[in-house]
Amino acid sequence: MKNCLENVRKNTPLVHNITNYVTVNDVANALLACGGSPIMSDDQKDVEDITSICGGLSINIGTLNQNTIPSMFLAGKQANKLGHKVLLDPVGAGASALRTNTALDLLKEVKFDVIRGNISEIKTLAYGSGSTKGVDADMADAVTEDTLDAAVKFVKELSGKMGCIIAVTGAIDLVSDSETCYVIRNGRKEMGRITGTGCQLSAVMTAYLVANPDHMLQAAAASVCAMGLAGEIGWSHMCPQDGNATYRNRIIDAIYNMDGETLEKGAKYEVR
Amino acid sequence: MKNCLENVRKNTPLVHNITNYVTVNDVANALLACGGSPIMSDDQKDVEDITSICGGLSINIGTLNQNTIPSMFLAGKQANKLGHKVLLDPVGAGASALRTNTALDLLKEVKFDVIRGNISEIKTLAYGSGSTKGVDADMADAVTEDTLDAAVKFVKELSGKMGCIIAVTGAIDLVSDSETCYVIRNGRKEMGRITGTGCQLSAVMTAYLVANPDHMLQAAAASVCAMGLAGEIGWSHMCPQDGNATYRNRIIDAIYNMDGETLEKGAKYEVR
Amino acid sequence: MKNCLENVRKNTPLVHNITNYVTVNDVANALLACGGSPIMSDDQKDVEDITSICGGLSINIGTLNQNTIPSMFLAGKQANKLGHKVLLDPVGAGASALRTNTALDLLKEVKFDVIRGNISEIKTLAYGSGSTKGVDADMADAVTEDTLDAAVKFVKELSGKMGCIIAVTGAIDLVSDSETCYVIRNGRKEMGRITGTGCQLSAVMTAYLVANPDHMLQAAAASVCAMGLAGEIGWSHMCPQDGNATYRNRIIDAIYNMDGETLEKGAKYEVR
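Residue numbers (this note's numbering), protein chains in the order written: chain A, 1 to 272; chain B, 273 to 544; chain C, 545 to 816.
Hints in this document: simulated from the structure, not taken from any laboratory.
All C-beta atoms, glycine included, are put in the ideal place defined by N, C-alpha and C.
Any given hint could be a false lead.
[To be verified] Ranges between beta-carbon positions, derived for each pair:
| no. | chain 1 | residue 1 | chain 2 | residue 2 | range |
| --- | --- | --- | --- | --- | --- |
| 1 | C | Glu-808 | A | Lys-81 | 38 to 44 Å |
| 2 | B | Thr-284 | A | Asn-67 | 31 to 37 Å |
| 3 | C | Gly-707 | B | Pro-512 | 41 to 47 Å |
| 4 | B | Thr-284 | C | Cys-783 | 31 to 37 Å |
| 5 | B | Thr-452 | A | Asp-259 | 55 to 61 Å |
| 6 | B | Lys-274 | C | Asn-611 | 42 to 48 Å |
[To be verified] With a cut-off of at most 30 Å between alpha-carbon atoms, the simulated BS3-like pairs for lysine-lysine come out as follows:
| no. | chain 1 | residue 1 | chain 2 | residue 2 |
| --- | --- | --- | --- | --- |
| 7 | B | Lys-383 | C | Lys-589 |
| 8 | A | Lys-45 | C | Lys-546 |
| 9 | A | Lys-111 | B | Lys-317 |
| 10 | A | Lys-123 | B | Lys-317 |
| 11 | B | Lys-317 | C | Lys-589 |
| 12 | C | Lys-809 | C | Lys-546 |
| 13 | C | Lys-667 | A | Lys-10 |
| 14 | B | Lys-461 | C | Lys-546 |
| 15 | B | Lys-282 | A | Lys-189 |
| 16 | C | Lys-554 | B | Lys-395 |
Extracted from the complex, chain A is given alone in its bound form (with noise of 0.2 Å):
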């Protein structure tokens, strides 16, 4: 864990995000929080240039539109090409058939080395579009204590089809590939009343993966561990008329100020 930080402090990799407009600041300043460095952008004339002088690329579907979606498509073929660490955040798979359908078909033609999304939506990836809803009877839709190895196993057996690291982050966070898996009791359930966590997680874990190439599993569990742990951090800096607006502020500035000693200590995890 402490390794993995200071790893990205010291490379201070470059992460080219095709993300969403509604997180996208709070995205960048979580990237310079952590030691990364951010570049976004999202034409089809650009993206390959631009992923080219990055060491990764996160691709977020929150706003997709028809001008984003072959962008991401020229771009992830582009981070293959290079070896450029990739990362898919499939936000709101399974809301809309543009939604899944664009995640199903960037996971058939781009190489992704991370998926990060919740359980819902890593469920839709897993089961494709309008398919199959008895399939995962056998797991419910969060996971919890009750439900969590059903959860472990669906994620490594996910992992194994998918053939990358699959990160399902909610109450307990699962980070897995298919022998391993991360399970992560970091985080406060007031992180969900803040836009943007998840967006910013997917960008920082992807400079954790650049920064750590050599291990990328353990680096994608740090990132999730790093951000759990800021959010306890931060909450605790809180005042009494503060609220999500100064949270917000509050987990990023945590990010910014965490040292490996702090994050070697505050990680609660367990591997499977």
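Position chains B and C against the provided structure of chain A, taking the given hints into account.
Chains B and C only, in chain A's frame:
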């Protein structure tokens, strides 16, 4: 007032926003702060699906473009078909032909429950583009104690003509159907030095409409009082070195922490 | 310096921004903080109307796309026709062919009063795309005390060649026409850990130009001093747990609270 706020917190209304990229992050956080839940989507192939899973739609034309304008019509019609609450925030109507015409066309093809804007935007919609400057000779360009009687008459008549609630916000806020007008004196002038308090209000108001379908006028008025009161409470927590950036956060924080009692006691309104 | 700031507060210059969606909210709040007023509009059918009612236009290519690029030309030409102040912020020129070429094409078709960027962007514009790497062998990639003489010579010459004021910001800032160069040493290196301080400066600078049409070089320099000084004042209000998110707010707050006296005393510059 109290009930209106509490119904939002109880029902967590999901609001689809087609909105501008300037204030979108604050809009999302304000919606979360009041107890609602935001989704942003503006692509023509995405908006019908997304609006279908929501309870309300807020259309804000602040940074309209050739891609998002058709989405506004598609989403509006779909929301109408499903009986969802729909609000129009005609940002900049009167400042450009595109904005004025888009707002007027939307009014023709989509049934809105509320139009919320400043007096200049609302007058543009009332009198159409480029026409009849003389008509508004009897009403000044700001709602003040001096022009209040004429303004109340104007919004009541416009509400009757338009067939929807009209909310005019400014130094004094008016929220009216054809028979009743709430005259609201919450808020602070410093809110005008922050970008986006109007956009936030439009989204929050939509959440209030969704959660209080049988008392829409009251709900719209309650949301205006809540936003203005948040401006007052937020200001009371300002330190000497604070400015508009911190004030922005303090207002959203105040929305987050506001309960029904606080709104009931703090709301300053009369009904005419 | 003092007069330049006070003229902004007195005149509330309206600035049209065609800018990126990453930092646009901070740009709007920074403009409001300094005493200006922001309008954002980037659609081809909207920009000519909008720019016509403003006093200045700030074009920032940070997230340029096929829809907004033509808008930059249309707005720029319209602003030229009306004699408005026009500023170019060539974000990422040199990082992609699209950015470099768009900036160079804009320079051909639009008359700019100021180009503001970092040294790498400005050098790209000076030497054109892909050309003559050898030319800048005599000037390092950062403006430091060691390279200052060469840098001052470079910006003066470039200003003469381009026919506009050149503002290069970095550890040391240079603001120059062909004869005079302000060398400015305000600011803090931690500003680089926040996204958007450059974008904010471009918009604020445009407000300063509009409010001080007869002293543009001074006005541009004053805005650079003001932004840097805000970075210093904002930093002085930071607590140990604060990070870049809070710093972002503190800087805008400092712009909001700055008066002419404070700027006069705090500005650190020499004229060469």
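Subject >> In rising order, the numbers of the hints this structure does not comply with >> reply: Hints 1 and 8 not satisfied by this model.
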